[in-house]
Each structure stands twice: as structure tokens, then as C-alpha cells.
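Here's the letter readout for the chains.
2 protein chains.
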Amino acid sequence: MRTAVPLELAYRLLNHGPTTLISTAHGDRRNVMAAAWVMPLDFDPPKLAAVIAADTYTRELLSASGECVVMAPTSEQLELSYAVGSCCGREIDKFARYAIATEPASIVRAPLVRGCAAWLECRVLPEPALAERYDLFVLEVLAAFAEDRLWSGKEWRFEASGPRTIHHSKGGVFFATGERLAVPRS
Amino acid sequence: MRTAVPLELAYRLLNHGPTTLISTAHGDRRNVMAAAWVMPLDFDPPKLAAVIAADTYTRELLSASGECVVMAPTSEQLELSYAVGSCCGREIDKFARYAIATEPASIVRAPLVRGCAAWLECRVLPEPALAERYDLFVLEVLAAFAEDRLWSGKEWRFEASGPRTIHHSKGGVFFATGERLAVPRS
Chain A
6 MRTAVPLELA YRLLNHGPTT LISTAHGDRR NVMAAAWVMP LDFDPPKLAA VIAADTYTRE
66 LLSASGECVV MAPTSEQLEL SYAVGSCCGR EIDKFARYAI ATEPASIVRA PLVRGCAAWL
126 ECRVLPEPAL AERYDLFVLE VLAAFAEDRL WSGKEWRFEA SGPRTIHHSK GGVFFATGER
186 LAVPRS
Chain B
6 MRTAVPLELA YRLLNHGPTT LISTAHGDRR NVMAAAWVMP LDFDPPKLAA VIAADTYTRE
66 LLSASGECVV MAPTSEQLEL SYAVGSCCGR EIDKFARYAI ATEPASIVRA PLVRGCAAWL
126 ECRVLPEPAL AERYDLFVLE VLAAFAEDRL WSGKEWRFEA SGPRTIHHSK GGVFFATGER
186 LAVPRS
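Here the protein sequences come in this chain order: A and B.
Using the working numbering, you'd call the opening residue of the first sequence number 6 and step up by one each time.
Using the working numbering, you'd call the opening residue of the second sequence number 6 and step up by one each time.
Take the hints with a grain of salt, since some may be wrong.
Given that identical chains are not distinguished, each listed pair holds provided it fits within a single copy or across any two copies.
[Said to hold, decoys possible] Only pairs whose alpha carbons sit at most 20 Å apart, straight line, appear in this in silico SDA-like list of lysine to any residue: (1) 52 x 136; (2) 175 x 11; (3) 159 x 178; (4) 159 x 148; (5) 159 x 190; (6) 159 x 136; (7) 175 x 13; (8) 52 x 132; (9) 52 x 140; (10) 159 x 12; (11) 52 x 159; (12) 175 x 39; (13) 175 x 111; (14) 175 x 189; (15) 159 x 188; (16) 175 x 153; (17) 175 x 108; (18) 159 x 177; (19) 159 x 105; (20) 52 x 128.
If you're looking for bench data, these hints aren't it; they were derived computationally from the structure.
It should be emphasised that the depicted structure is a prediction, and the values quoted were computed from it without experimental measurement.
Here chain A stands alone, though its shape is the one from the complex (with noise of 0.2 Å):
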């Protein structure tokens, strides 16, 4: 189940850097991709810095609508997570390719991913040189959520078994969120 995230909390989704995915929409086009160079840029309101490559389908729904969402997915997405970054979506309807299940958003019409860990739906900030020169995307997060099973209503919480989100190594090659550390209250 999805649970609202406070969006003074979104940064927290994000804060340890796992890899995320990307869903865009303009009209009836849509598209999902994988992005690694995603991270919290402020708390609140809160914004994400995100990469997107200059020649991606991606990037033009982006440009168009103004909107995506950016969503954490979970080890058990390996596959669709290496997938959606090693095809483009001007060629194929990734979702109908690789059974990916969506449901709408709350606010903006990019869909939401079924089986992420989290799901920040997003409106761009425009940056026109920021873009042109790195590649690089302002986004505000407009609506977080997290699957509850995962989430303590402040914190993630793995479990150690379950589905953790993931950090993106090299391709096709991902690190699973791992052991909590916490330093000792002095």
C-alpha cells in the first residue's frame, strides 16, 4: 500500500541515493526510463537535481508536459529497472514490453510505477541552461509516497529478507540498500 509522505519528509525517499526510475507523459505518449543521477536538492519545499540526456524520449515528454515522477524501485524490479535504461521509448511502449503495471498519479498524469518502494511526483522548475549545458533538471516535488510496508512514517525499514531499493552500480549490475547504521547517541 501506498502511504502519503509529509513533503517536509520527501527528501528522506532519496537521501541514501538509490537509483530511480522516471515516468513521463504528454498527450497520449508515455514513457519510463531509469535514472541514476537523481538526488535531493532542498528540503522544503522539497526539489530533486535529476539528469536526462539530451536525446531521450524521456526528456521530450519532460519538456513538453512540465512533469514526471521519479520513483525508487526494489530489488525485486532488477530487471525492469536494467531494461527501461537499455531501450528507448520512441521504438517500443516499454510498459506493454515488459508487463510493467501502472496506476495514476495524484497530481500529475506521468504514471506511478506499481511495486516501487517510493513515488515523487514532480513539476519542473525551468532551468533552460542548466539543461542545455549539463543535462540537468530542477524538479519540485509536488506529492511523495512511500509503500508502508517499508516505511516507518519517518524512516525507510527494511527487513532483512524483503525488497530494499537499490543503487545502480555499473550496467545490469545494482547494490541492494544494506545494514542500518546508526551512530551511537553520545
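Position chain B relative to chain A; hints supplied.
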């Protein structure tokens, strides 16, 4: 032992989203802070994007020197990583206070913190509007090194019970980089 990482592979040191330490130096002043919002921005020449808040001593030294070292600390440096993110270098010498051992870098004046998994010597690419608006800095990686017990030559290679990179969740709480998960090649 530190081993040099070819610049075209430097992005892989941070691709999985670990938290970082950033050291800076200018004249006889130096500092080190923790920064979770750091990510690769380009492959070759490698660039990073890093958020460094306006009121930090690191920002002052970074702006004055135009240089820094971005490092990935390990699970053996948890308390150090939290400590240097929780106090200000204007008030105390963090290196002395936390007994942080350093070595000279190869190109920049900012020091390397011993015991890290990765070290990326960087220069600031001036983007004053970005710094002003988002506290965001674009860094070009000039030299990169990895701890050779943790680096295969092409990717991270963490042993089951050994030190690993870490990912910041929230104040004082981190995740270790977990199990390596590879997509089967079809």
C-alpha cells in the same frame, strides 16, 4: 592502498549514491564536512554536482580556493562521518578534534582523509547562478583514487564482512552498501 582510477571510470566511484566527505583548503585554513547530496553529472571528463550550503565554512574555502576533494567514507568511519557533518569548522579544527588522519592530494591543496573508499580531487567550474539559487556546485574531477582492497579495477568489490561505502538516511542513521545484484544477461 590507494589505486588510481582512470578518469573515464571515476563516475563509478559515486554512481551508487554513497554519502561523501568534502575537504577544502585555502592558505593555512582547511576543513572537512559531510555531504549526502553529491552525484555524478558527466562521464568524461567526469563531473560531479554537489550541494554545499551557503553558511558553511566549506563553502567559504571552496569559493576561495576553487578546489576540493570529494571522498566516499566507509562503514568504519560512521562516527567520523556523522561528527564532521554536525559541527562547524569555523569554531573547531575538526581534524584535531576527531583525530582525522590526512595525506596530501596529488593535484589540489585540500587533504585526503585516510581510510576512505574513494577520493576524487576536483576543481570548481564557476556557475554563480547555480550556487546562489540552489547551493549547487559543478565540480570537474581531476584525479580519482579507490582503496584497492575494495575496487576490482572496474567496479566496487565489497566483501561480506568488510568495510563498505555508506548511504545517509537521516541524522546519524546510514545504510551500508549491501549485496551485489547483477541482472542475468539474456
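20 Å Cα threshold - placement of residue 178 relative to residue 159: between (29 Å within a copy, 12 Å between copies)
Within, between, both or neither: residue 175, residue 108 at alpha-carbon 20 Å: Close neither inside one copy (29 Å) nor across copies (29 Å); limit 20 Å.
Same-copy or cross-copy closeness of residue 52 to residue 132 [CA-CA at most 20 Å]: both (13 Å within a copy, 19 Å between copies)
Intra- versus inter-subunit Cα pairing at 20 Å for residue 52 with residue 128: within (9 Å within a copy, 25 Å between copies)
Alpha-carbon proximity between residue 159 and residue 190, which holds within one copy, between copies, both or neither at 20 Å: Within one copy, since 18 Å is at most 20 Å while 37 Å is not.
Identical-chain pair category, residue 52 with residue 136, by Cα at 20 Å: both (16 Å within a copy, 15 Å between copies)
Intra/inter-copy verdict for residue 159 and residue 188 if alpha-carbon distance must be at most 20 Å: Answer is within; shortest intra-copy Cα gap is 17 Å, inter-copy 31 Å.
Copy assignment of residue 52 with residue 140, given that the CA separation must stay at most 20 Å: both (16 Å within a copy, 12 Å between copies)
Alpha-carbon proximity context of residue 159 and residue 105, limit 20 Å: Neither way: residue 159 and residue 105 sit 29 Å apart in one copy and 32 Å across, limit 20 Å.
Same-copy or cross-copy closeness of residue 159 to residue 177 [CA-CA at most 20 Å]: between (31 Å within a copy, 14 Å between copies)
Homomeric proximity label, residue 159 with residue 12: Cα distance no greater than 20 Å: within (12 Å within a copy, 38 Å between copies)
Same-copy or cross-copy closeness of residue 52 to residue 159 [CA-CA at most 20 Å]: Answer is within; shortest intra-copy Cα gap is 18 Å, inter-copy 32 Å.
Hint check: violations occur at hints 6, 13, 17 and 19; the rest are consistent with the structure.
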